[in-house]
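Protein chains: 4
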Amino acid sequence: MADKNKKILDPGVGASYRQRTKRIINPDGTFNVRRIGTLNVIQDAYHWLITIPWLPFIAVVTSVILSTNFLYAYIYWFIGIEYIGGAPTGFFWDDYVSALFFSVQTFTTVGYGAMSPDGQFVGLIASLEAFNGLLLSAFSTGILYGRFSRPMSKIKFSEVALLTPYKGTDDYSIQFRIINKRSNTVLHMKASVFLSLNDKNDRDGTYSHRRDFYDLSLERSSIMFMPLSWTIVHIIDKNSPLYGITLKELVERQAEMLITLNGYDETFGQDTYSYHSYVADEFEENKRFIRNFNVADNGDILLHVNDVDLREDIPPKEDKES
Amino acid sequence: MADKNKKILDPGVGASYRQRTKRIINPDGTFNVRRIGTLNVIQDAYHWLITIPWLPFIAVVTSVILSTNFLYAYIYWFIGIEYIGGAPTGFFWDDYVSALFFSVQTFTTVGYGAMSPDGQFVGLIASLEAFNGLLLSAFSTGILYGRFSRPMSKIKFSEVALLTPYKGTDDYSIQFRIINKRSNTVLHMKASVFLSLNDKNDRDGTYSHRRDFYDLSLERSSIMFMPLSWTIVHIIDKNSPLYGITLKELVERQAEMLITLNGYDETFGQDTYSYHSYVADEFEENKRFIRNFNVADNGDILLHVNDVDLREDIPPKEDKES
Amino acid sequence: MADKNKKILDPGVGASYRQRTKRIINPDGTFNVRRIGTLNVIQDAYHWLITIPWLPFIAVVTSVILSTNFLYAYIYWFIGIEYIGGAPTGFFWDDYVSALFFSVQTFTTVGYGAMSPDGQFVGLIASLEAFNGLLLSAFSTGILYGRFSRPMSKIKFSEVALLTPYKGTDDYSIQFRIINKRSNTVLHMKASVFLSLNDKNDRDGTYSHRRDFYDLSLERSSIMFMPLSWTIVHIIDKNSPLYGITLKELVERQAEMLITLNGYDETFGQDTYSYHSYVADEFEENKRFIRNFNVADNGDILLHVNDVDLREDIPPKEDKES
Amino acid sequence: MADKNKKILDPGVGASYRQRTKRIINPDGTFNVRRIGTLNVIQDAYHWLITIPWLPFIAVVTSVILSTNFLYAYIYWFIGIEYIGGAPTGFFWDDYVSALFFSVQTFTTVGYGAMSPDGQFVGLIASLEAFNGLLLSAFSTGILYGRFSRPMSKIKFSEVALLTPYKGTDDYSIQFRIINKRSNTVLHMKASVFLSLNDKNDRDGTYSHRRDFYDLSLERSSIMFMPLSWTIVHIIDKNSPLYGITLKELVERQAEMLITLNGYDETFGQDTYSYHSYVADEFEENKRFIRNFNVADNGDILLHVNDVDLREDIPPKEDKES
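Protein chains in written order, with my numbering: chain A, 5 to 326; chain B, 5 to 326; chain C, 5 to 326; chain D, 5 to 326.
Accuracy of the hints is not assured; some may be wrong.
The list treats identical chains as interchangeable, and a pair is accepted whether it falls inside one copy or across any two copies.
[To be verified] Keeping only pairs whose Cα atoms sit at most 20 Å apart, straight-line, the calculated EDC-like set for lysine to aspartate or glutamate is:
#, residue 1, residue 2
1, 160, 48
2, 158, 48
3, 158, 270
4, 252, 288
5, 194, 270
6, 242, 175
7, 185, 122
8, 204, 219
Keep in mind that the hints were calculated from the coordinates and are not lab data.
As the structure is a prediction and not an experimental result, all values here were calculated from the model.
With the sequences and hints as input, model every part of the structure.
Below, the structure is given as structure tokens:
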């Protein structure tokens, strides 16, 4: 604990800005940085195909396969469909469709044979297309597996962080809750929480755009198992950089809690990382989390994954949580 | 050792319950938590297909492939099998079977050609099915490999933990034994053992459902190689939370030892984790483990993997183990 | 920090040489070591196929596939193309091309059937080729995926390291800047910097070819996130082995900074390593880095990846950086 | 260093034996343990197929594929080859070969179509075989990739460990040398060395079969880069358990040095482990290692991988190595 709560150097997100910036980590888990000049799609194709969402991915793969087939079909049509065993009708559309079916039968290596290449040039094109089909199939298998097997945790963070009394004490604390949306168990879960706070000018009480960073001490910074949810708690005692600061001031000073989690995911057999942030607008006062599990009569514990956000008003005059 | 044996915060399994719960970790290695609202099969398909047992997995894959083929066959039959080069018999069953064979020949890309599409609409359907077949084949290859290559250890824990004298001393100890059921070697094996014990009410001698947790110190918490079995020993000396507690009280206080192991598995080239628990009902007194290996005349060591549970009564008046 | 800046044992690159050597790590990221007697291509095929650049890789795969097909085609031609359902023309070229098309149709498992084996010997060869094709296809799929999924970071190092005043102090520092060329985020980035410096002979002021190594302390040796660039700084204070040495002497003593980086790459879900070196010829004086990001009016941060090298002359008489 | 050289608990290989055993780690890198009752081939197929050598692997895969084809061929023959479009000859062999070719064409999905199923029962069998072929192909692709991508280091250990003076001192040392047989670079290489020594009975000078274990301190226990070879050195000073023991006694006491290495392998992007042992019979006195690299005139370093064993007699009266 000794080295916690103290002011630290920039954890890598930039400390000194000349004007107001947006939050550091966006709600969708990306950083508020637009990168200009990164590797393009061709230079970094695997990375791109692995990380785009499923819909664009399917669109890209389908487009590549379809346009390849359309192109080969055009070549067969141009050579003349009599060379692939078809009977020319003289109508472009009918002939092109025949050429397209031959192309698909070659690309997928179905090769019924009712149409087959008859001539050296068309034989060469068909050979190329068959290899092309195999290659694209191998490639797609690899990318598909890469997308599936990429170790990704599915940790859900509570919508807000609560500024709430710490159980059984007079201290306040800031708390948020996480849960694993998957049905597997995460082991050796560790959390780190940093606070970014804009500098205060002691003379005129204004705030600069220069950020100070603090490493917040946690009630518990790791747990061995995570079958339930985990409420991560920073106690706002005298050593805390949050001590004595009102929520209004936190908003003005663009306070942002940066969080990283990592743990061992049973399904992937690998460590996975998550990160998230709460800005001061997402801090809530006078609330406390309601436990999101209960014990059934038979002794089973029932965990309500979607209740990770469940909270209630703190009744007045109460200072102890059961 | 200094930080061992002490009371610790909840390792993540929940400390405060209002009624009696079942054991924390079930004998089958799952946690006694029913998770409501996790990602469903569609949202988390890879995870699901990777973790279900082999029989349901094979059933799912077979069902998907068969129903796809039955569906396409129905479409071909509906269009009319004369469009796939068959001769309609007028009997549904015979015609449908012909359509089904054509469907399989297309899906698997065998494409003998005795039947082949004849017409633009049926040609389109057959093209779709051929791509469909390739896609499902790529998908299955990926999932199959994912299932195989998932790093999983095959550690067997002894059925019971023994409360038994520690060799050559007057101290008691609690011991259990583990063995690798695979024929490979695990390196850098590390063990952590936690004890969960329900709170004792000192006034009336009753026990609450609130759990206390302790980090148990181990005689040895890691070994470099594990070609043999490993007996993991916690010595119940004065610093131990188990000191002076009878087995009867342990049962009443729902004592449970939570164990995590991790080590480097040569076959997968990755760290793997195992966890397990012993509840007080699985603690045995007045027994000791019998060594499960012996030396052959030629100097070979013979290890009997299935003897990991082998134990014998401690003869009266003996306090030293050879 | 206590154990930094001190002289250390050789970090593995050889300390004692009898004559002048080239730099330790080449600008292309390889070590200046020619290894004689390593495993050859056959013994270590996977490693070789995974690490050669894309152009040679494609050339190798294409050559293997083409020569396999040419060989089988020759066998079919030698047996006689009448046994594969072709009509011999008596011209080698025409017959060989027919045999080649049959070979490709078998290898890719297209199997149109216009040509098909007719005879037991040719049937055996065609069966072998079909298996051969499947095997090579499986093999290529695996290698292709292996190439794609190999965890590799794309860290760009600034061209030069700057000997420049440390902000707001009288101390000098040596600085270089790194950036991630990918659009993903690297987490828990750690840096280690070693200095190699040839021994000075205090009597005659000459330098030997024996290298001393130092572990350089860094202003910050790790950052939690790397959405921006990272300027890695060693302060040349009195404890630094670089203290009081001129750039000219550094060149003469073959000074070389050896750098290793490692961090967790989101895309691969794995730790990746990078290494690099700066020799004294790549140290620049009287320059400072210009920040390579700016804040847009809407609060977005714009990062210019290719400006990682951007630097400017330090105006005379200035000793503080904004 | 403080916690090194001391006597430690059994690192997992068994301390107490009632009779003489063979060495702990065999020269081929396996442990001298015969495991009885491990998971069998069916229960642990992936592990088995991934770890058997290439020749048995190829034999197994070929056998499975061939016997599958022979079996299906027999079924087709039994049904009658007229149902697969063949003309029965009345000779078993000729008909069976035709059935076999049809089987291969179906299994590999070549499907020329000169033979094709004609009848519902044979159509069903052929459909099964086509799926079977796809499945085995997917399976083989996965296993093949699993074999290739398994992270394995190719570290070569010197044949012997040398008991030799430590450079520039009066102390003796025990040294061995390792080299990477691959052409890639290993990063962050770490070594641990344990000594196993049979107990000495101080009364009668005999030795028991009970082993003591020591953690040997190393001159350097890790290196940052390993482009060259690495000589791992334990100095036999007064704190060493080897101090004052003759080689003859070491042989009698079955001394064995157990070594584990691990480092990050660039090609696999993963940590890999190696282990090895030297028994006292493999300790050599009065020799020293000759450096296995030299500097070319152009400053290139030439490393002779196969010279890792190169050693020479120590000339009498010399106590300093250059």
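Now the hints, each set against the structure:
1. For the identical chains of this complex, residue 160 and residue 48 are inter-copy neighbours only, at 14 Å across copies versus 29 Å inside a copy, given an alpha-carbon limit of 20 Å.
2. Proximity of residue 158 and residue 48 under a CA criterion of 20 Å is satisfied inter-copy only: 10 Å between copies versus 25 Å inside one chain copy.
3. Taking CA atoms no more than 20 Å apart as the test, residue 158 paired with residue 270 passes in both settings, with 13 Å inside one copy and 14 Å between copies.
4. Only within a single protomer do residue 252 and residue 288 lie at most 20 Å apart by alpha-carbon distance; the minimum there is 11 Å, versus 47 Å between protomers.
5. Taking the closest pair of Cα atoms, residue 194 and residue 270 come within 20 Å of each other both inside a single copy (15 Å) and across two copies (17 Å).
6. In this assembly of identical chains, the alpha carbons of residue 242 and residue 175 lie at most 20 Å apart only when taken from the same copy (9 Å versus 35 Å across copies).
7. Within a single copy, residue 185 and residue 122 get their C-alpha atoms no closer than 57 Å, and across copies no closer than 50 Å, so neither meets the 20 Å cut-off.
8. In the homo-oligomer, the alpha carbons of residue 204 and residue 219 lie at most 20 Å apart inside one protomer (18 Å), although the nearest pairing across protomers, at 37 Å, exceeds that limit.
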